[in-house]
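Colleague: This note's numbering numbers the first residue of the sequence shown as 28 and each following residue consecutively.
No wet-lab data here; the hints were simulated from the structure. These figures come from a predicted structure and were not determined experimentally. There could be a bad hint or two in this list.
Computed cross-link-like contacts, BS3-like style, restricted to lysine-lysine with a CA-CA straight-line distance of at most 25 angstroms [what the hints assert, rightly or not]:
id, residue 1, residue 2
1, Lys273, Lys369
2, Lys388, Lys369
3, Lys239, Lys260
4, Lys142, Lys30
5, Lys113, Lys142
6, Lys188, Lys65
7, Lys188, Lys289
8, Lys144, Lys114
9, Lys114, Lys142
10, Lys144, Lys30
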Amino acid sequence: MVKVGIIGVGTVGVSVVNILKENADVISARAGRDIVVKSGVVRNLNKDRGLDIILTDNVDDVLNDEEIDIVVELMGGVEEPFLVVKKALQNGKAVVTANKALLAYHRYELQEIAKDKAFEFEASVAGGIPIITALRDGLSANHIESIMGIMNGTCNYMMTKMTNEGVAYDAILKEAQELGYAEADPTFDVGGYDAAHKLLILASIAYGIDAKPEDILIEGIENVTQEDISFAKEFGYAIKLLGIAKKDGNEVELRVHACLIKQDEMIAKIDGVMNGISVVGDKVGETLYYGPGAGGDATASAVVANIIDIARSGKSTPMLGFNRPMEGDALTLKSTEKIESKYYLRVNVSDRAGVLARITKIFEEHNISVETMLQRQADNGSANLLISTHMAVERDIQAMMQELEALDFVHAKPVMIRIV
28 MVKVGIIGVG
38 TVGVSVVNIL
48 KENADVISAR
58 AGRDIVVKSG
68 VVRNLNKDRG
78 LDIILTDNVD
88 DVLNDEEIDI
98 VVELMGGVEE
108 PFLVVKKALQ
118 NGKAVVTANK
128 ALLAYHRYEL
138 QEIAKDKAFE
148 FEASVAGGIP
158 IITALRDGLS
168 ANHIESIMGI
178 MNGTCNYMMT
188 KMTNEGVAYD
198 AILKEAQELG
208 YAEADPTFDV
218 GGYDAAHKLL
228 ILASIAYGID
238 AKPEDILIEG
248 IENVTQEDIS
258 FAKEFGYAIK
268 LLGIAKKDGN
278 EVELRVHACL
288 IKQDEMIAKI
298 DGVMNGISVV
308 GDKVGETLYY
318 GPGAGGDATA
328 SAVVANIIDI
338 ARSGKSTPML
348 GFNRPMEGDA
358 LTLKSTEKIE
368 SKYYLRVNVS
378 DRAGVLARIT
388 KIFEEHNISV
398 ETMLQRQADN
408 GSANLLISTH
418 MAVERDIQAM
428 MQELEALDFV
438 HAKPVMIRIV
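All chains should be modelled from the sequences, with the hints used to inform the complete structure.
Modeller: Structure below.
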């Protein structure tokens, strides 16, 4: 029998306990052993969770229990769970976590601490989608050329409603909060940070890149308006928040931001709270993974799958999937300013003679070629210029945007969305 201790018995933790109990027959058959949750750690012992396991508010009751074989960490946060997981590994226990923030900052340290101890984290990226297993094991014969995906269900839900129903950003954010998709402070989701944590985990498995969130380009969807969505539709695009990892020679670019993506791309068709991730391998070509990216049962399904795998094998593959440096240790993180893309810009300007000529001249001075330009009337005698470019370099776009913002006939900071 395998005994499990859960640290953080919230929504996902309760689902883990229930799945292990309700599906005990099939789980035991697949694991070859019975799996039971012995105890769990909670912050509030007075809250009724409807569970028949031992509950405590002291993590050491689980970490120091010699009968517990697997510790499941579902606390959230970064530094406190790092200390908890570190102690669990040092006490000889296998660990399963769903904590993407923990791994975004400490995955390489934990891999070194874990060594030959089982450490699994399928639920940390895209909830119930087995993307970690696919990337680490199923595609292990491939050089990974790119990863691109919708990794945050909150943003995807909001962009879907804005696109399909014409809802304004502020209104749909309020609705997402009321439905429980977005937190009271939604910055972590709508600002792109949640997706960035997940992208960093996938990039470590694919490329061995040890980057932190502060090292990569992270933007959210806060500035997307119906004007932008209208432009996107007119030219056959959808707007999605995407996490992108792409190998370019010996460099890997990592970025999270809103994107204009062609409507006929599979990723563009993924709507609502669902997640979808495309992985391109040099031998297999493109593979696509789709499913629920959050929710108690979906996330718990991935947690339990890791528990079963540990119970079945009794040993661990390397945590990040490699025993030696990836790609001969030659890959480095590409500087954000060197990223190349097509771009869409929205610039609110005074509707008067000479403005368009001056804008066009500034584009030329920064070596940026315009592909399309539309003018739409706005409020108070102003107009919105909606512009798409040919391929350009990030540093040139950023420099040009700063120059545009300083002009007396530009009324607000220009908005830029990259085009995939």
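Colleague: Take the hints in turn and mark each one as holding or not.
Modeller: A quick look at each hint next to the structure:
Using a Cα cut-off of 25 angstroms, the hinted pair Lys273 and Lys369 holds, with the two alpha carbons roughly 15 angstroms apart. Between Lys388 and Lys369 the CA atoms are separated by roughly 19 angstroms; this keeps the pair inside 25 angstroms, and the hint holds. Taking the CA atoms of Lys239 and Lys260, the gap is near 35 angstroms; set against the 25 angstroms cutoff, the hint is violated. For the hint pairing Lys142 with Lys30, the CA-to-CA distance comes to about 21 angstroms; that is within 25 angstroms, so the pair holds.
Simply put, Lys113 and Lys142 have alpha-carbon atoms about 12 angstroms apart, close enough for the 25 angstroms limit, and the pair holds. Of the pairs offered as hints, the one joining Lys188 and Lys65 is violated, with about 43 angstroms between alpha carbons and a cut-off of 25 angstroms exceeded. For the given pair, Lys188 sits about 18 angstroms from Lys289 by alpha-carbon distance, which is consistent with the 25 angstroms threshold. Between the alpha carbons of Lys144 and Lys114 the distance comes to roughly 12 angstroms, so the proposed pair stays at or under 25 angstroms and holds.
For the hint pairing Lys114 with Lys142, the CA-to-CA distance comes to about 14 angstroms; that is within 25 angstroms, so the pair holds. For a cut-off of 25 angstroms, the pair hint linking Lys144 to Lys30 stands: about 16 angstroms separates their Cα positions.
Consistency note: the structure conflicts with the earlier hints numbered 3 and 6.
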